[in-house]
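Grab the two chains, each in its own frame, and use the hints to assemble them into the complex.
What follows is each chain in one-letter form.
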Amino acid sequence: MSNQGIEKIAGESIAVAAARATPPRLAYRARGLSDRAIAWIFIAPTIVLLLAINIFPLIWTVYLSFTNFRANQPGRPVQWIGTRNYERLLGSEDIWGYLQATAHFVCWTMIIQVLLGLGLALLINKNFKGNGFWTTVILIPMMLSPAVVGVFWTYLYQPQTGIFSYIVNIFANVGPLDMIGSVDLAPWSIIIVDTWMWTPYIMLLCLAGLRSIPDYLYEAAEVDRANSWQKFWYITLPRVLPFLMLAVLFRGIENFKMFDMVVELTSGGPGSITELASINLKREAFEKWRTGYSSAFAVILFVTVFGLGNIYVKALNKVKQ
Amino acid sequence: MSSGKTVAHSVVDPTPAGRRFAALLVVLYALIAMVPLVWILLTGFKSPPDSISYPPKVVFQPTLEGYVNLFTTRSRQTDEYIESLGPPTTWYDDLVRSRNMVITGPSRFADRYMNSIIIGFGSTFLAVLLGTLAAYGFSRFKVPLKDDLLFFILSTRMMPPIAVAIPIYLMYRTLGLSDTALGMILLYTAVNVSLAVWLLKGFIDEIPMEYEEAAVVDGYSRLQAFWKVVLPQARAGIAATAIFCLIFAWNEYAFALLLTSGEAQTAPPFIPIIIGEGGLDWPAVAAGTTLFLLPIVVFTVLLRRQLLRGITFGAVRK
Chain A
1113 MSNQGIEKIA GESIAVAAAR ATPPRLAYRA RGLSDRAIAW IFIAPTIVLL LAINIFPLIW
1173 TVYLSFTNFR ANQPGRPVQW IGTRNYERLL GSEDIWGYLQ ATAHFVCWTM IIQVLLGLGL
1233 ALLINKNFKG NGFWTTVILI PMMLSPAVVG VFWTYLYQPQ TGIFSYIVNI FANVGPLDMI
1293 GSVDLAPWSI IIVDTWMWTP YIMLLCLAGL RSIPDYLYEA AEVDRANSWQ KFWYITLPRV
1353 LPFLMLAVLF RGIENFKMFD MVVELTSGGP GSITELASIN LKREAFEKWR TGYSSAFAVI
1413 LFVTVFGLGN IYVKALNKVK Q
Chain B
9 MSSGKTVAHS VVDPTPAGRR FAALLVVLYA LIAMVPLVWI LLTGFKSPPD SISYPPKVVF
69 QPTLEGYVNL FTTRSRQTDE YIESLGPPTT WYDDLVRSRN MVITGPSRFA DRYMNSIIIG
129 FGSTFLAVLL GTLAAYGFSR FKVPLKDDLL FFILSTRMMP PIAVAIPIYL MYRTLGLSDT
189 ALGMILLYTA VNVSLAVWLL KGFIDEIPME YEEAAVVDGY SRLQAFWKVV LPQARAGIAA
249 TAIFCLIFAW NEYAFALLLT SGEAQTAPPF IPIIIGEGGL DWPAVAAGTT LFLLPIVVFT
309 VLLRRQLLRG ITFGAVRK
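Protein chains in written order, with this note's numbering: chain A, 1113 to 1433; chain B, 9 to 326.
So that you can see chain B by itself, here it is in the shape it has in the complex (with noise of 0.2 Å):
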């Protein structure tokens, strides 16, 4: 997505009106795009109040409630019990007290985000790790069928996870795996390798094979021409892969629903629950997925000029 420097032609140029008017239509596009998202960054700084009111406040006391009340869990008690307690140690017990409150624990919504980052990273490790060799294997050597296994590992990326999730309920049930983090990398590494496969085949194809050939001529093995000359050069390929494998297995729902229940459930199939456990408690919810889509929003725009490829398995790639 760069800004496209035009090759300046008289003819092919837009006009400065016609320019105009399309910077103000995309511009507009934008702004009413990021209106729910902006607004959920928001109603995480409500109270509960203000955010049910009506109408919609745009200005308001901002508060920290919503995030005291995501990573906790409350207890409604009496005044008398409150005050027996003594004064309120922490500014977030008084902001709970203030709703005639006590926090009776951390809630597990630190655990669950963790739980997003330990399989997120753990699979995305192991797919690119996977990857990275299969796409090397594929990009460099004769392999018999390669187009047809190409497509096999594309095929299985295909498949509605609902379809594939009772035989792995199944099998995870009797292997012990189900509602544990090991059980979620490999499959969330199964999904991810098909993507780690096309795209890195795409860098690596770009890498010029004189640099590999020189290497060996040099008295390299293959493997240390390999390691100590396409890895390198494959670096920038690798972390852009890493981040697509990263944000899938972050944004995975279908699976951690069917699969996880206590241990190893990840953050999507608990930020609806949040709603549940306080009332309507939108702040808190507005906050858990503020915290939750912040890491992708930076990555998207760290990734803005590889999306294309990523998005189409890098079959386009301008």
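Pulled out of the complex, with its shape left as it was, chain A reads as follows (with noise of 0.2 Å):
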């Protein structure tokens, strides 16, 4: 924020003086369009765009998923065929492997930025010289493209000649490393690059939590003889949970609907180790044109995900307090 240009304006506008003596009610008349008809003005076309982008096709998904429709077929007639999809799909055993396979990478990616993130936040929170610069760095990851990421870590874990295979093998001789193409090492790898590229963004939200605790609590709790544990347990963390809750809330959401790294870097694979929801719905929508069929998968993972956003805003509007 430019504190010259307000004060700029300030010294052009000989009237905020005068605007301070005057009572609001009286300011406010203004020449021109009615404030109702401004903000209705100002507002309309943003709502507008997302009527037609976002939530007429929503409107469809959910009127798509009550149907056989097939896209790949526009011509076929269209058949209401009531909640056959929505039977078919939780009659489904593959579905709950899908979500399964979500499950253990929302968990896991959770579970381990979090400690990460937060031990980091703790360390940075302790003002070394360069922290600023090391922070910044530390950053990057998280806003690169995601699938542009999955495409270059399918290069560093090649087995043979990739670059963390070698690094790992420095440290325990364990032989070609085949992250991606092995049935028990693919879940790990993308929770490793989902680590890599989403624990800044946990850190980020620590240690703004961190700054927000007063320096008189440390005080107090040294007065009465606290030790550094009692200090982070009665302290540090009940101030940090709601950031913390905050990051893990929004970050497992996009979790949730994960889609363009694991694409790229898996694609679901082997078999469907690594198939996540979204990856299945994109399948079935695009590949295998079941249309009515992935509405319905697609209806069912928007609730899920709305659920979750409604709970989100909550918690965002409480850490605003």
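What the hints contain is simulated information worked out from the structure, not anything from laboratory work. C-beta atoms are modelled at their ideal positions from N, C-alpha and C, and glycine is treated no differently. Be careful, since some hints might not be right.
As the list claims (entries may be wrong) - Below, computed lysine-lysine pairings styled on DSSO-like, alpha-carbon distance capped at 27 Å: (1) A/Lys1241 - A/Lys1343; (2) B/Lys150 - B/Lys236; (3) B/Lys154 - A/Lys1430; (4) B/Lys150 - A/Lys1426; (5) A/Lys1400 - A/Lys1238; (6) A/Lys1343 - A/Lys1400; (7) A/Lys1430 - B/Lys150; (8) B/Lys154 - B/Lys65; (9) B/Lys154 - A/Lys1426.
As the list claims (entries may be wrong) - Pairwise CB distance ranges, derived in the manner of DEER restraints: (10) B/Met217 - A/Leu1145: 41 to 49 Å; (11) B/Arg313 - A/Ser1294: 41 to 49 Å; (12) B/Lys236 - A/Tyr1346: 50 to 58 Å; (13) A/Gly1381 - B/Met122: 41 to 49 Å; (14) B/Thr182 - A/Arg1196: 23 to 31 Å; (15) B/Pro152 - A/Gly1242: 44 to 52 Å; (16) A/Pro1382 - B/Pro240: 37 to 45 Å; (17) B/Arg325 - A/Tyr1328: 53 to 61 Å; (18) B/Lys236 - A/Ile1153: 14 to 22 Å; (19) B/Lys236 - A/Trp1345: 31 to 39 Å; (20) A/Val1160 - B/Trp235: 20 to 28 Å.
Structure, rendered in structure tokens:
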């Protein structure tokens, strides 16, 4: 925020002082369009765009989920088949497999990233020389394109020639590591890349939490002869927790929807061991062209995300206060 | 991420040894986290054999072969044919011929990169324009159901892209928008406008109302006050918001993959295809990756003080 600009404008307008002296209601009576009209003219385009490109398609998805429509056969008559798509979905064992893979991915990424992110934030909060620079360096991975990150990690993960396997073998002589091709390692290959990318996110929010703790709390604890573990447990953690939860909720939702990085890295394989919900959805919708069925799956995913999102916004408002 | 001036206090300040230890661990993490990016940067300057050598080569003869391969299509030719062409006219001709190949034309990478720029800037401009107007409306006026509308705007961002991709695919097919830059610009605008509204509302909320009120007393209309008083003060916030929108549009992959193929394809769905075009041409992939990621690294450094705000939709502002 440029203070100079503010001062300049304040200086130009002789009426600043006058405005302070004037009751607000009087100051509000401006020429031209009414406030109400302006508010609607300003807000309407955004709402219209979102209705057209988000809400309308969503309603269409819900409609399609009750039909047997196939997008690759537009000529075929569309039949209303009631809840049959949903029944088939919930009865299918494969779906639970995809949801399980998703849950495994979400849980482990969150656990590892919370530990690493909180730890890093605590260290950075010690305010050593140059911590601003190193914090910026640490933040870089999370701004990159997840799909492109997935592409270049396939190179790093090459079992014979990749640098990942090479570095691991410096510390433990395990031979070539086929991170993407092996059934045991593939789920961890995506967890490692996600952790590399998104630990900075958790760290950044924890850091904001840590910096919001007033010094006097620690000083008071010192007077009470609290040890450092007690200080962490009774002062630091409760104050950081809302921020941490916000971060986990947001990343949890994003990872529940995870598509791009994993598609490029493992494309769901080997077999369907890393086939997360969104990847399966894409396969059903755009490879098998089972539009109705995949729409039902999309609706189920959306309802889940929307429920989580609701909690997220409530948490946002809490942190704001 | 200011380097934080601590209020010096003996009780709260960490000990010098503790500080050094913290610095050591953080720097160690940062260096490890940079290894993949540095490795990709280096691989872009390796020859294809060097890129798949074992053990991995840290010291190598740098070459621009990866970049040449990224921007060209080539075909393998016999020695006689290459000799019949006469001496190479450019350094990249020379480089390609040393591999028994001849350049047959430009690759599509430059087009894809250009598409990314056009769609990125187009959608950013629209999202910031709509977002600024809506944010001002929400910030300054009594709007019925304000909180519900704001929640609605945010909730559109929560949707899994693939879930709405099916009807958007059908809709765009009907409207003739599939695989057009305009279609992608509208789509990314719709996704980004929620972020823009929430971020900008935060920035505009921070501008004291007194300035506008003063301007109104001076005889400005509401719109003039918005234009001449609010916008100039929101400049920094608008710039930060624009960069966030640009980064999102730049990085987006799912919609680009499903809705574009020939004309309007952006770089993210194209970069993995480079692998297929010339066998396992990792230097070319690395070169494309480097050129694609470099602007984002620059923007991240520029934005570092606003990052927290951007990634939490303006909720956390320190």
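So, going through the hints one by one against the coordinates:
1. A/Lys1241 - A/Lys1343: Roughly 24 Å between the alpha carbons, so the hint for A/Lys1241 and A/Lys1343 holds.
2. B/Lys150 - B/Lys236: Satisfied, since the Cα-Cα distance of roughly 22 Å is no more than 27 Å.
3. B/Lys154 - A/Lys1430: 18 Å, holds
4. B/Lys150 - A/Lys1426: Between B/Lys150 and A/Lys1426 the Cα gap is close to 22 Å, so the pair holds against 27 Å.
5. A/Lys1400 - A/Lys1238: 54 Å, violated
6. A/Lys1343 - A/Lys1400: Measuring from Cα to Cα gives roughly 57 Å; hence the hint is violated.
7. A/Lys1430 - B/Lys150: Roughly 23 Å separates the two Cα atoms, so the pair holds.
8. B/Lys154 - B/Lys65: Distance ~59 Å between B/Lys154 and B/Lys65 Cα, so the pair is violated.
9. B/Lys154 - A/Lys1426: The hint holds at about 15 Å.
10. B/Met217 - A/Leu1145: 41 to 49 Å: 18 Å, violated
11. B/Arg313 - A/Ser1294: 41 to 49 Å: 43 Å, holds
12. B/Lys236 - A/Tyr1346: 50 to 58 Å: Given range 50 to 58 Å: holds, Cβ gap about 52 Å.
13. A/Gly1381 - B/Met122: 41 to 49 Å: About 33 Å separates the Cβ atoms of A/Gly1381 and B/Met122, which means 41 to 49 Å is violated.
14. B/Thr182 - A/Arg1196: 23 to 31 Å: Given about 26 Å between the Cβ atoms, the range holds.
15. B/Pro152 - A/Gly1242: 44 to 52 Å: The hint (44 to 52 Å, Cβ to Cβ) holds, given that B/Pro152 and A/Gly1242 are roughly 51 Å apart.
16. A/Pro1382 - B/Pro240: 37 to 45 Å: 57 Å, violated
17. B/Arg325 - A/Tyr1328: 53 to 61 Å: Given about 22 Å between the Cβ atoms, the range is violated.
18. B/Lys236 - A/Ile1153: 14 to 22 Å: 18 Å, holds
19. B/Lys236 - A/Trp1345: 31 to 39 Å: Between B/Lys236 and A/Trp1345, where Cβ atoms are some 53 Å apart, the hint is violated.
20. A/Val1160 - B/Trp235: 20 to 28 Å: 23 Å, holds
Hint violations for this structure: numbers 5, 6, 8, 10, 13, 16, 17 and 19, all remaining hints satisfied.
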